[in-house]
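**Student:** Could you put together the complete structure from these sequences and hints?
Number of protein chains: 2
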Amino acid sequence: MSPPPRSDGDGKQISNLLLLAIPRQEWEQLHPSLELVRLKLHQVLHEAGEAIKSVYFLNDGLGSVLTVLPDGKSVEVGLIGKEGFIGLPVVFGFKTSPLRLVIQSDATGYRMDVHSLQKMLADCPVLEKRLQQFAMTLGMQSTQLAACNRLHDVEERLARWLLMSHDRIGGDTMPLTQEFLGQMLGTRRSSVSMAANILQKAGMITYTRGNVTIVDKRKLTDAACDCYSIIQNLQSNWQAETK
Amino acid sequence: MSPPPRSDGDGKQISNLLLLAIPRQEWEQLHPSLELVRLKLHQVLHEAGEAIKSVYFLNDGLGSVLTVLPDGKSVEVGLIGKEGFIGLPVVFGFKTSPLRLVIQSDATGYRMDVHSLQKMLADCPVLEKRLQQFAMTLGMQSTQLAACNRLHDVEERLARWLLMSHDRIGGDTMPLTQEFLGQMLGTRRSSVSMAANILQKAGMITYTRGNVTIVDKRKLTDAACDCYSIIQNLQSNWQAETK
DNA sequence: TTATATATGTTCGATTCCGTACAGTATTGC
DNA sequence: GCAATACTGTACGGAATCGAACATATATAA
Chain A
90 MSPPPRSDGD
100 GKQISNLLLL
110 AIPRQEWEQL
120 HPSLELVRLK
130 LHQVLHEAGE
140 AIKSVYFLND
150 GLGSVLTVLP
160 DGKSVEVGLI
170 GKEGFIGLPV
180 VFGFKTSPLR
190 LVIQSDATGY
200 RMDVHSLQKM
210 LADCPVLEKR
220 LQQFAMTLGM
230 QSTQLAACNR
240 LHDVEERLAR
250 WLLMSHDRIG
260 GDTMPLTQEF
270 LGQMLGTRRS
280 SVSMAANILQ
290 KAGMITYTRG
300 NVTIVDKRKL
310 TDAACDCYSI
320 IQNLQSNWQA
330 ETK
Chain B
90 MSPPPRSDGD
100 GKQISNLLLL
110 AIPRQEWEQL
120 HPSLELVRLK
130 LHQVLHEAGE
140 AIKSVYFLND
150 GLGSVLTVLP
160 DGKSVEVGLI
170 GKEGFIGLPV
180 VFGFKTSPLR
190 LVIQSDATGY
200 RMDVHSLQKM
210 LADCPVLEKR
220 LQQFAMTLGM
230 QSTQLAACNR
240 LHDVEERLAR
250 WLLMSHDRIG
260 GDTMPLTQEF
270 LGQMLGTRRS
280 SVSMAANILQ
290 KAGMITYTRG
300 NVTIVDKRKL
310 TDAACDCYSI
320 IQNLQSNWQA
330 ETK
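Chains as they are written, first to last, in our numbering: chain A, 90 to 332; chain B, 90 to 332.
Source of the hints: derived by calculation from the structure; they are not laboratory data. Careful, some of the hints might be misleading.
The calculated label-pair distances, taken between Cβ atoms and stated as ranges, are [what the hints assert, rightly or not]:
hint, chain 1, residue 1, chain 2, residue 2, range
1, B, L109, A, Q289, 53 to 63 Å
2, A, G161, B, S279, 27 to 37 Å
3, B, T297, A, G259, 51 to 61 Å
4, B, D311, A, R277, 18 to 28 Å
Below, in silico cross-link-like pairs of lysine-lysine (DSSO-like), each with a Cα-Cα straight-line distance of 30 Å or less [said to hold, decoys possible]:
hint, chain 1, residue 1, chain 2, residue 2
5, A, K184, B, K218
6, A, K218, B, K218
7, B, K218, A, K142
8, B, K218, A, K208
9, A, K306, B, K308
10, B, K162, A, K208
11, A, K162, A, K290
12, A, K308, B, K162
13, A, K162, B, K162
14, B, K208, A, K218
All of these numbers come straight from a predicted model, not from anything done at the bench. Just so you know, even glycine gets a beta-carbon here, dropped at the ideal spot from N, CA and C.
**Tutor:** Here it is in structure tokens:
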């Protein structure tokens, strides 16, 4: 494989791992259609049930994939950071997504409109393959989250969630409200409040209005369920299998 | 697209929708590697974490995709019948699966060994595309099940589960124990016992040792959560989008 | 038939979580 | 500054579920 591109035309450093992994030739194809954008906290990139207009390669920051029920309740079923791609249904020929995609921390990424991607894919086999594999990996992550959300209690899940986000963001402080966490964990805010309190009193995290800081990652890992490490291993093992 | 093959060389009627959907040329390629097999109730086709040796196209019957936690508890994250394919990770170049695949009712299908499929895929673009799309559809099903299993209570989920299986099997009586249902729904057996009792007393189902019969589908549908119809719509809408 | 394994009904207290409400505190907008 | 908004702590009764145990009934095998 050719050496990966290091920066786009404007000198911006590229961090998205999928874009870094494709050969130069494919990058040249893609490049003109990519637009660097800033994505704000809580911005909704795709609304559940609606047509997908743009797709995104994140450079930094984090997005959450949510299943939303008719009554408005939601559960997180996936996390997408710089290792991934936002807009997977398009890769497989679908026009809409049943899932909501929300930005979890201020992010930057490359936006591309759907039609450009569709045209491009035929000429970019490596990218296409990588996108498909990412879809599969994300799917596996979501099945583990499904089990976790069914079988583990709020405190364990909260610890697991904080660790997963922490790993993908880099930086110990994250902009999070209890209400938001409730939507991720599929529980009500006051349950989050109590769980967060316990973690704080145990010296694992501190938080103020809208911000959570991890202060003792080791302790927090002990408080989390095994799903945290299981998901970590999933990703790394599967990356190894396809080399 | 060429007319689909109607039967294999031995005159056996093919019911698997993926096999029916591929052009004759691809079928000719595939055909010699397929072996018709019977799959028994509760047979485990893939064990979580192990290498995948064979893949399957079901003709009839039903398989469940399960996430299994270290403590042995499990949750169903997908259902695969004659519309689908068992062994998706292989399609994307992965060798193992983190999921368990269990047969839920006596089934028949075509088995193929992994290496044959891998060789074949390059020459069968239509099949490959269909498999990829099925993977995406199944992924979406699993996200809905994730939300359902988190947010709805046992009685609704049990009704939903019975309806989904019923639709995919054809036949009102299904071989099911409460213990098995508990593993599907991610709950303990005695919760299933109580929920099943309620549905029975309400005249929706009857059951004896190891068998459940649906007697009033309409009522049962009312007792199930919206997830039942949501998943139905998912599948049909998405099929429409890619035509 | 008898013994054994399997499947189901039911109970117990304990725990978690629910829905909801209200009070207190911090931030934002004017 | 003040008012309005947003975020958090906490409480309440009630519901659902848990883990575990025991009794009973049905099927299977010896």
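**Student:** Against this structure, judge whether each hint is valid.
**Tutor:** To see whether the hints hold, each was checked on the structure:
1. B/L109 x A/Q289: 53 to 63 Å: The hinted range 53 to 63 Å holds for B/L109 and A/Q289, with Cβ atoms some 58 Å apart.
2. A/G161 x B/S279: 27 to 37 Å: Holds - the Cβ-Cβ distance for A/G161 and B/S279, about 32 Å, lies within 27 to 37 Å.
3. B/T297 x A/G259: 51 to 61 Å: With a Cβ separation near 58 Å, B/T297 and A/G259 satisfy 51 to 61 Å, so the hint holds.
4. B/D311 x A/R277: 18 to 28 Å: holds, 26 Å
5. A/K184 x B/K218: holds, 16 Å
6. A/K218 x B/K218: Holds. A/K218 to B/K218 sits at ~12 Å (cutoff 30 Å).
7. B/K218 x A/K142: holds, 22 Å
8. B/K218 x A/K208: holds, 16 Å
9. A/K306 x B/K308: violated, 50 Å
10. B/K162 x A/K208: violated, 45 Å
11. A/K162 x A/K290: Between A/K162 and A/K290 the Cα gap is close to 29 Å, so the pair holds against 30 Å.
12. A/K308 x B/K162: holds, 25 Å
13. A/K162 x B/K162: Since the Cα atoms of A/K162 and B/K162 sit roughly 25 Å apart, the hinted pair holds (cutoff 30 Å).
14. B/K208 x A/K218: holds, 16 Å
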